[in-house]
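Q: With chain A fixed as given, assemble chain B onto it according to the hints.
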Amino acid sequence: MSPWRNDRLLAWCLRGCASIAGLIILLIIGFLVLEAIPALQQVGVSKFFFDRGWHPSSLASEGHFNLAPMLAGTLGAAGGAILLAAPLGIGAALFCHYYAPPFLARLYRRLIELLAGIPSVIYGLWGLVVLVPLIRQLEPPGPSLLAGILILALMILPTIALLADAALAGIPREYTQGAAALGFSRFSLIWHVALPAAKSGLLTGILLGTMRALGETMAVLMVCGNVVQVPGNLFEPIRTLTANIALEMAYAMGDHRSALFVSGLLLMALVMALITIVEILKPKSSL
Amino acid sequence: MKSWSGITFTLWLLIIVTALPGCNSPDRPLTLTLTGSSTIAPLASEIGKRFERQHPEVRIDVQTGGSSRGIADAQSGLADIGMVSRALRPEENNLYGFTLARDGIAIITHKDNPVQQLTDQQIIEIYTGQITHWKEVGGQDAPITVINKAEGRSTLELFLQHFSLKSQDIAADVIIGDNEQGIKTVAGNPDAIGYVSIGTAEFDAQQGIPIKLLPLGSIPATIENVRKGNFPLSRPLNLVTRMPPEGWVKEFINFAQSSQVHDLIKEQYFVPLEK
Chain A
1 MSPWRNDRLL AWCLRGCASI AGLIILLIIG FLVLEAIPAL QQVGVSKFFF DRGWHPSSLA
61 SEGHFNLAPM LAGTLGAAGG AILLAAPLGI GAALFCHYYA PPFLARLYRR LIELLAGIPS
121 VIYGLWGLVV LVPLIRQLEP PGPSLLAGIL ILALMILPTI ALLADAALAG IPREYTQGAA
181 ALGFSRFSLI WHVALPAAKS GLLTGILLGT MRALGETMAV LMVCGNVVQV PGNLFEPIRT
241 LTANIALEMA YAMGDHRSAL FVSGLLLMAL VMALITIVEI LKPKSSL
Chain B
288 MKSWSGITFT LWLLIIVTAL PGCNSPDRPL TLTLTGSSTI APLASEIGKR FERQHPEVRI
348 DVQTGGSSRG IADAQSGLAD IGMVSRALRP EENNLYGFTL ARDGIAIITH KDNPVQQLTD
408 QQIIEIYTGQ ITHWKEVGGQ DAPITVINKA EGRSTLELFL QHFSLKSQDI AADVIIGDNE
468 QGIKTVAGNP DAIGYVSIGT AEFDAQQGIP IKLLPLGSIP ATIENVRKGN FPLSRPLNLV
528 TRMPPEGWVK EFINFAQSSQ VHDLIKEQYF VPLEK
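Just so you know, the protein sequences line up as chains A and B, in that order. Going by this note's numbering, the first residue of the first sequence is number 1, and it counts up by one from there. Going by this note's numbering, the first residue of the second sequence is number 288, and it counts up by one from there.
Everything labelled a hint here was simulated from the structure, so no lab data went into it. Heads up, the beta-carbon is just placed ideally off N, CA and C, and yes, glycines get one too. Errors might be hidden in some of the hints.
Said to hold, decoys possible - Stretch by stretch, here's where chain A covers chain B in the computed footprint (C-beta under 8 Å, at least three residues): (1) 425 to 439; (2) 452 to 460; (3) 492 to 503.
To be verified - Which chain B residues stay away from chain A? Per the calculated CB distances, all over 10 Å, these: (4) D407; (5) N476; (6) T509.
Next up, chain A with everything else stripped away, as it sits in the complex:
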């Protein structure tokens, strides 16, 4: 076999793998749409945003199907978590790279990796028995948007920290050496060289963290209270789109079931919108 033929074989295999991966996504979206169509037809798109509340019933004419409060809850919890976790995660990575002695940095990295490996239901349980009672002492009832934000921030912190770490490690040596040669202080090196150079990687980390926060179900279900409402403050309970599906799917029939697929579709649309925005924000050629 000539090397040329080998090349072609490999190209074919890779092409096949790539199309399968792509097809799976398309199949999932297709399946979601297919399952959601009955509700979209029976209930109508506008009712999902302007109905009187979420009191689904297996007959569209009897129920109310407003998903807007859950969309607000999802965005609130994930947004709050990112605001908390992004500076902490990037700060942790900067500490590892530029300030910590090597042995401490290594230990710290292992610790963060461990944090990333804890299953979400454990975070949820901890939140339910420790965090929620603490928040209740501040302001009842306890299960709240704040609890969700704190738990989610804890969960996505390692994702952001590890990816920021990798992004900082990927900065070409010449950059930092050049900066050092110019007599930059450590702070200016970080602020003017490292962060701009790693911007693309840091954004990817934040994006992946946001995705995990949007999609997280079990922990959020356990600490957020799951009341369908637009939260007026941090201490009010919320329900996210994912928790809505997890709470009700097992018991849903007919249009109620279909409406849950609509909430899945909405979540999917949210994620796709987010990826698009980040694609636009990202520097076109990373270095």
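A: For chain B alone, coordinates are given in the frame of chain A:
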């Protein structure tokens, strides 16, 4: 041309992948499928395991999905037996029902809550948001945290039906999925009130979890009272079939109703019935 062969290749792979699970061996054991109530499912699978040991030629496959699914699957024939954790409704009288055991719902509060009893009217007013403070029912100086079950659960349905409420009327502070989540929430909040399966509640209270089961209509919430049929907020756990049971289905239902499985029913903190 190049891209077309790539697509054909992918399609073939997909066909192979999707066809694989379809290859069932022809001489597999006979399978009885049970679907429905998540309350009954753990019990049914325990009973199923014991039944399989006695009859190796039969497999019992238990899937959850709620009582409504049990009804729907039995009616459509998707399942051999449906599991329904409530009394059958008049419009469901085309199904054949067999009661396995009973379960009750207990109103629970934190152990430290001084309120010892609530009238039905007080419970209704708490759940509809007319009473929002424990002081109004003779308790401590604290707002009430109302815990409700998620939409579609049969525990919620039974609760609503008993108190003649609509789910829209309920002003909940926390909405929970399963019983354990409810008990943990109440245990962590001295001002909370909730309702969960009486078997789970009595078991957890005995294990030292700080919850208290409130009497209902002055009848103490105990398994004993559920067995006697005295406790007002209780429900039968039913197996339902579309046709009069025969063959293995009949064997299984008879087995599930016999005293041979009473120990299993008690282990799940349900109440076995004397035949």
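Q: Hints first: check each against the structure and report whether it holds.
A: Evaluated hints:
no., hint, verdict
1, 425 to 439, "holds (count 6)"
2, 452 to 460, "holds (count 4)"
3, 492 to 503, "violated (count 0)"
4, D407, "holds (23 Å)"
5, N476, "violated (6 Å)"
6, T509, "holds (27 Å)"
Going down the numbered hints, you'll see the structure goes against 3 and 5, while the others check out.
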